[in-house]
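Colleague: Sequence:
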Amino acid sequence: MGMKKAFVVSFEQLPAFLLGCYGHQWIETPNFDRLASQSVVFDQHFANDLTSQSNTFPWWTGQTVPAQNNSSASETACFVSRLKAQGVLSRLLLETETDVGRTSSMREQEPFFNQFDDVTTVTGKNGYELSEADSPFAQLIQTALERLPDWMASPDDQLVWLRSEGVPLLPLAPEFYATLYLDEVLDQGDDTEEESEFVADELPLEPAEEDVSEEELDDDLDLEEDDDWEELISAVVALFQSPEEWGDLDDDERRMARAVYAGYVTLLDQWLGRFLDSLLEYAEQHSILLIVTAARGGSSLLGPVRDVEDWGLFEETTHVPLLIFDSGNQQQGNRRQFLSQSADIPTTLSAWWSLEPAENTVGGTDLLALIAGQDDMAEPVIHAASDEAVAIRTPEFYYLQRRNQQPSDAEHETHPLPETAPVQLYQKPSDRWDVYEQHSQHPETVAAFAELLNSKQTGSTS
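UniProt numbering puts the first residue of the sequence shown at 1, with every later residue one more than the last.
Hints listed in this document are in silico derivations from the structure and should not be mistaken for laboratory results.
Heads up, some of the hints might be wrong.
[Stated by the list, open to error] For each label pair, taking beta carbons as the anchor points, the in silico distance ranges come out as: (1) Q441 x G328: 40 to 50 Å; (2) P30 x E396: 49 to 59 Å; (3) P30 x Q441: 37 to 47 Å.
Glycine included, each C-beta is placed from N, C-alpha and C at the ideal position.
All chains, full assembly: derive it from the sequences and hints.
Modeller: Following this line, the structure appears as structure tokens:
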């Protein structure tokens with residue numbers, strides 16, 4: 001039991017709300033749910049940096065404020081190098097897709113990948129007619145399972161990071177998963193009792209409305225009785241290629257796209273389960289930490305259709321899963337409402353090996369200390385950024401502000417704040433889906449958040 005092993009399974013894209021352990025009622029994710037029953041689940045876990053350029057990559061840097069001082073992420077020390085200095089071996093398995101190769105985000109993160117002692121790239125392929133074993137995440141898990149006995153037999157402390165793309169931009173899974181929920185969409189109307197099992201209480205991600213019959217749905221989609229499933233699914237998946245057209249989708253098209261996306265989530269769940277089967281056996285005899293999380297949620301295609309402009313920071317995009325399993329922790333199935341963020345991951349992993357946060361970093365929260373019952377931890381203010389906006393989240397409010405814009409002094413003095421102000425404000429936790437915009441009703445709150453954001457973006461970390 002002297003050696004410690006830490007495993008991270010990370011997904012570049014996986015919305016929390018599509019998992020059963022985060023409240024979804026019809027997408028099948030039994031293995032995420034199983035892990036949740038043996039772990040601590042952080043219900044309020046959010047991404048920090050969703051920018052496409054000059055991303056601070058908080059998983060590696062621990063930076064809690066995106067784009068602070070306009071610094072480049074590659075200039076910031078990676079926590080892995082500090083683990084290496086303490087004798088912890090580090091291994092990284094990267095997943096890529098045959099037709100895509102390394103993404104621009106992966107290339108930006110090369111300086112961090114290079115900090116690992118061993119880096120292996122695993123390639124898979126997505127496709128309707130392919131075996132699920134050929135999919136990128138399946139290939140990643142199969143490689144990990146082949147190496148797991150050697151990792152566990154090693155006398156060294158080790159960090160093993162499995163980095164998956166999660167749900168890809170074009171989520172075309174093998175036939176079984178691609179059609180898993182489309183059947184429910186097309187068969188809608190045959191059995192209203194069966195339908196009720198697939199409709200979530202809160203989430204507008206349902207296969208169909210109750211008043212839409214099978215005949216009406218078939219007419220809308222121009223389907224024949226001998227539908228060509230692959231052609232249909234390819235057409236639906238093509239919707240993900242044109243974000244500018246999402247606002248023009250009809251309800252049927254949107255439901256179909258969501259159903260295909262959901263099928264890929266279930267594919268990820270099934271292969272995660274195979275890894276859990278083996279790893280949890282070792283956990284009976286070894287000191288193991290397992291973190292499962294995601295860098296970002298899904299696209300706006302998946303979330304509610306809102307009346308306000310989408311700045312890339314709504315619930316479906318920023319809310320991501322975080323499950324922490326500690327073989328020595330007895331708090332199985334515990335849930336925490338404490339606000340957590342991507343920047344907490346390096347701090348938590350460093351704490352697993354009793355390393356103090358680096359003095360020159362803007363660090364996140366040690367979530368292991370929180371789990372252990374340390375009761376004097378202040379809940380953080382969560383900062384986030386996209387290409388369009390920056391944001392602040394507290395337990396009571398979620399404030400968004402357009403980049404390089406903030407309410408003028410004149411606007412601050414106007415009660416209520418003008419509807420045209422470059423800000424959005426949502427009350428938490430009641431407005432889960434960021435639907436009821438309230439900036440004009442809370443001018444004092446807007447002014448306080450704008451001042452705080454301005455101080456952070458100009459470099460102050462006080």
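Colleague: Indicate, hint by hint, whether the structure satisfies it.
Modeller: So, going through the hints one by one against the coordinates:
no.	hint	in the structure
1	Q441 x G328: 40 to 50 Å	holds (48 Å)
2	P30 x E396: 49 to 59 Å	violated (35 Å)
3	P30 x Q441: 37 to 47 Å	holds (42 Å)
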